[in-house]
Amino acid sequence: MTADVQTRPSTAVGQRSTIRWHDVCAYSDLLPERGVAALIEDVQVAIFRTFDGELYALSNFDPFSGAYVISRGILGTRGDVPTVASPMYKQVFDLRTGRCLDDPRVALPTFRIRRTPQDRVEVASA
Amino acid sequence: MNVGGEARKRLVVVGHGPAGHRLVEALRERDVTGAWRITVVGEEPRPAYDRVALTSHLTEGADLALPAHGPEVTVHTGDPAVEIDRTARTVTTASGRRVGYDALVLATGSSPFVPPVPGRDLPGVFVYRTIDDLDALREHCAARPGAGGVVIGGGLLGLEAARALQGLGVDAHVVEVAPWLMPRQLDEGGGAMLRRHIEALGLRVRTGTPVAALEAGEDGAVARVRLGDGSALEARVVVFSAGIRPRDELARRCGLPVGERGGVVVDAACRTADPAVFAIGECALIGGRVYGLVGPCLSMAEAVADQLLAEAGGSSGNARFEGADTSTKLKLMGVDVASFGDPFADREEGTLSVTYTDPVDGVYTKLVVSDDARTLLGGVLVGDASAYPTLRACVGSALPDSPGQTLFGGVGPAGGDLPDATVICNCNNVTAETIRRSIRDEGLTDVGGVKSCTRAGASCGSCVPLVKRLLDAELVAAGIEVDKALCEHFDHSRAELFDIVRVRRITTFTQLISEHGRGRGCDICKPAVASILASLGNGHILDGEQAALQDTNDHFLANLQKNGTYSVVPRIPGGEITPEKLIVIGEVARDFGLYTKITGGQRIDLFGARVEQLPQIWKRLVDAGFESGHAYGKALRTVKSCVGSTWCRYGVQDSVALAIRLELRYRGLRAPHKLKAAVSGCARECAEAQSKDFGIIATEKGWNLYVAGNGGMRPRHADLFASDLDEETLVRYIDRFLMFYIRTADRLQRTASWLEGLDGGIDYLREVIIEDRLGICAELDAAMERHVASYSDEWRDTLEDPDKLRRFVSFVNAPDVPDPSIVFETERDQIKPVLRTGPQREVLSR
Ligand code: SRM
Ligand SMILES: Cc1cc2nc3c(=O)[nH]c(=O)nc-3n(C[C@H](O)[C@H](O)[C@H](O)COP(=O)(O)OP(=O)(O)OC[C@H]3O[C@@H](n4cnc5c(N)ncnc54)[C@H](O)[C@@H]3O)c2cc1C
Ligand code: SF4
Ligand code: FES
Chain A
1 MTADVQTRPS TAVGQRSTIR WHDVCAYSDL LPERGVAALI EDVQVAIFRT FDGELYALSN
61 FDPFSGAYVI SRGILGTRGD VPTVASPMYK QVFDLRTGRC LDDPRVALPT FRIRRTPQDR
121 VEVASA
Chain B
127 MNVGGEARKR LVVVGHGPAG HRLVEALRER DVTGAWRITV VGEEPRPAYD RVALTSHLTE
187 GADLALPAHG PEVTVHTGDP AVEIDRTART VTTASGRRVG YDALVLATGS SPFVPPVPGR
247 DLPGVFVYRT IDDLDALREH CAARPGAGGV VIGGGLLGLE AARALQGLGV DAHVVEVAPW
307 LMPRQLDEGG GAMLRRHIEA LGLRVRTGTP VAALEAGEDG AVARVRLGDG SALEARVVVF
367 SAGIRPRDEL ARRCGLPVGE RGGVVVDAAC RTADPAVFAI GECALIGGRV YGLVGPCLSM
427 AEAVADQLLA EAGGSSGNAR FEGADTSTKL KLMGVDVASF GDPFADREEG TLSVTYTDPV
487 DGVYTKLVVS DDARTLLGGV LVGDASAYPT LRACVGSALP DSPGQTLFGG VGPAGGDLPD
547 ATVICNCNNV TAETIRRSIR DEGLTDVGGV KSCTRAGASC GSCVPLVKRL LDAELVAAGI
607 EVDKALCEHF DHSRAELFDI VRVRRITTFT QLISEHGRGR GCDICKPAVA SILASLGNGH
667 ILDGEQAALQ DTNDHFLANL QKNGTYSVVP RIPGGEITPE KLIVIGEVAR DFGLYTKITG
727 GQRIDLFGAR VEQLPQIWKR LVDAGFESGH AYGKALRTVK SCVGSTWCRY GVQDSVALAI
787 RLELRYRGLR APHKLKAAVS GCARECAEAQ SKDFGIIATE KGWNLYVAGN GGMRPRHADL
847 FASDLDEETL VRYIDRFLMF YIRTADRLQR TASWLEGLDG GIDYLREVII EDRLGICAEL
907 DAAMERHVAS YSDEWRDTLE DPDKLRRFVS FVNAPDVPDP SIVFETERDQ IKPVLRTGPQ
967 REVLSR
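So the sequence lines, in the order shown, correspond to chains A and B. Residues 1 to 126 (my numbering) are what the first sequence spells out, left to right. Residues 127 to 972 (my numbering) are what the second sequence spells out, left to right.
Here chain A stands alone, though its shape is the one from the complex (with noise of 0.2 Å):
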């Protein structure tokens, strides 16, 4: 698999009846407002827990850099929107949609992520 298909899963989230849901990691696990990156057949997903204890999924991929490191980047808000900053060019993104907020032409796909009633992170692959 190519670098460059790991960070755009051909199929939508939903659109195959059956998700994978993968088990990450224990919540407890998250530091809050920082990120972690997680390998989920073999795609980099970057996982955040903001301060209000809310868990986000964005590719891990950086295209402004080419680089993997979404996961590193510092986490924020911008209005009331819930962002994260690639640590390389720091381009803000928001959390819950993936689109860049300083380059409209860029957005970073997303994934599906839950808390499950055992306090483990569970992120869907579709």
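None of these hints come from the bench; they were simulated from the model. There is no bait here: all hints are sound.
Footprint (simulated), chain B over chain A, 3 or more residues, beta carbon under 8 Å: (1) 34-47; (2) 54-66; (3) 70-77; (4) 83-96.
Chain A side only, calculated, beta carbon under 7 Å to chain B, not exhaustive: (5) V24; (6) C25; (7) F51.
Even glycine gets a Cβ: it sits at the ideal position worked out from N, Cα and C.
Fit chain B with the ligands to the known structure of chain A by using the hints.
Frame of chain A; chain B with the ligands shown alone:
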């Protein structure tokens, strides 16, 4: 008077570009009685747009539309005028519409000049003038990614077009027939320097050769550009940008005089030979010349609006076109180039020119002044055009300083000092007085307000820095706080936040933002607050909530590299190192397969470490007695030294010992920006101390202390702060200097620009540090003592804390799997990163 109703006069404007648009707007604004009924006839399929910003349509998809006129103005788009009947006073359009007029204004602009070379009609050959031109160009390039392209013409517009082509993925050449680029604005030296900058952007340049022919490929579209010297350039796309020709065809056809080289002849009031017909903008030949810049075009529009109002009895009608400044600045390129006034005035008697060339920084500057060296006549700036707005505004008046001082002393007069009559915005002909008045009368507080109120800065934008300075000066004069807000989350400056945190003893970001800010922060305020908390001694930077504030470098205690790996820089105080330690570094680098390089800071950098390797690497280094070099932090970097009196036959003091002492004293000190220092053992200055934030040079009697030097982007020679100090006094002064800087500087402000912005400058600094004018020296001393006493090595602490080590994994669900995207190849026997995909700027989402 003929007010309203049937008595209204009819104005027809032909051409809806910036000039036509401005005319209508100026008239609408001032024609309060509605004396004129306005009809606009435009050829393009859309109403007027901001042609100056055309390229941003291509690069950013920007919406260029100028404000719509309102319902009382009739605008026919996509319907060019084809005939004027001056006897019947009617204009006929291509669709057969016939409109009568009492006054007619031609604002038909110009068209790109395409020289008659064979092949100029081939598919793939474009001009660069309208939105439609650019849309066609984009579509063509999108179908040919990575193709070669040629822009014919190396003037302002050609270079802009070439850069835009590059943005479309085209590998672009610029061909200029003159011996150097931008021959209309630059002299040979400036042209040569510009070429270096252009080539550094990856554009290729051919000068001194005409284009002989465009040749087609097998698909019938253009494939090659044949040059006058017989050589050929591959080109699947060609853009002509070889000058403009006024669109005077309508005027010609109805018998109005036009110039030999084109242009509708008008007088200073923009009237043609027929008193009912005016011509404005790029189609007009006024005072014997055609202006190809928007500023003069808009001035002509204003002048005609005035005549028309006078005809309706609403103004004196005295406005004339007074000639115009043709200063220009290349925009959108990432290269600073500007010319102002008459850059070629030095070819005349009675002038002097001062030139300055710095081949290292790629700077070329020329000022032309009158022979008493007082009056600025013109000049050229390449590589650094920061002084452009000020210099342009000074043309024709006295220089604030000697030419040399003006060139080297930086930015020139502060906004407050510019004479009222100075034209600040060329594009819209706005004077300092107008701006000042509008700030005062309308109570404006930001540049946006000034823009919409006066139009200054609303076109090419090159005057915005000057507008900002005027605004700040006015606000300060009015006692209004100048906006220093850190970002959208805090209204305070860094220095204010520092005081809040210090005085209120705040220890967490959460407390600070909930009490003094809003939202949850961003990549600007979080690291800034992290640095403040660290400067005030709040423990390890990865403790608790502080960890979430750090930029990735501080978060991993290493420097992020382009492929997502990190570099490792152990501290080597003063640059002195034992053979054993050198061997350890060598072994570590070898065992982890790292690239090694001697840095410019007298130490060794190991590159290419993956996050999960960092603790293992640092374990080996810490065990061998190394500690963090803080290459990642806004903190003290290195104190460079020369070998000094121990070995050097000229040395008068032990510079190495002092450098080590200072480096160990200030290591780990977090600051608004990084801090660099050096100690030289004698006046030969081998450690380059005068380019450092603080630098020390040995004398026979002790030490000279220099402060606020800078290498980097804007080099600054340090200022001599005090001479012949003994070591203890020296250290005390440095302590206070650093702590005062840390308290009062802005985010990411080095000591050099901090001192430049400090009211009272170096004298004031001496009063604060030596004479304790503010009565804070004891506090500053104590703060530094606390820092020295609480220092501990960040990497050692991290290795001892399992909680902090948890972050050093590649993947949270596969901690031992190395990031598969990190790949190296070998070059000169060491590793080199390979980016498998590279930057991609299209939409990636599903
Ligand atoms: C490694 C080194 C180049 C080298 O191979 O020699 C280097 C590398 C970087 N420099 Fe530098 N600079 C290095 C010496 C310098 C010097 C020379 C010196 O220190 O004597 C200068 C000019 C002196 C000065 O700063 O006044 C220098 C002026 C800069 C600047 C411009 C600063 C300015 O005020 O204009 C930056 C950008 C910034 O900090 O904003 C910068 C930024 C950087 C960064 C941090 C860029 C980045 O964000 O990735 C580089 C990261 C290095 C890394 O990953 O380890 N580097 N840099 C040198 C490390 C010295 C050290 O041992 O710590
Ligand atoms: C890419 C680019 C970048 C530029 N950058 C700068 C800059 O940085 N600074 C600067 O000062 N200037 C710049 N310019 C120049 C500036 O755009 C022009 O000076 C300005 O547009 C002139 O305005 P105008 O209204 O006279 O003519 P135009 O903008 O040419 O408008 C004339 C309009 O009249 C229409 N027309 C022509 N004939 C007829 C007819 N018979 N019937 C009806 N309509 C007709 C045309 O289609 C056109 O829409 C730039 C130009 C371009 C192309
Ligand atoms: S000069 Fe410094 S910042 Fe620039 S590439 Fe070299 S190391 Fe990097
Ligand atoms: S000089 Fe162009 S906008 Fe002011």
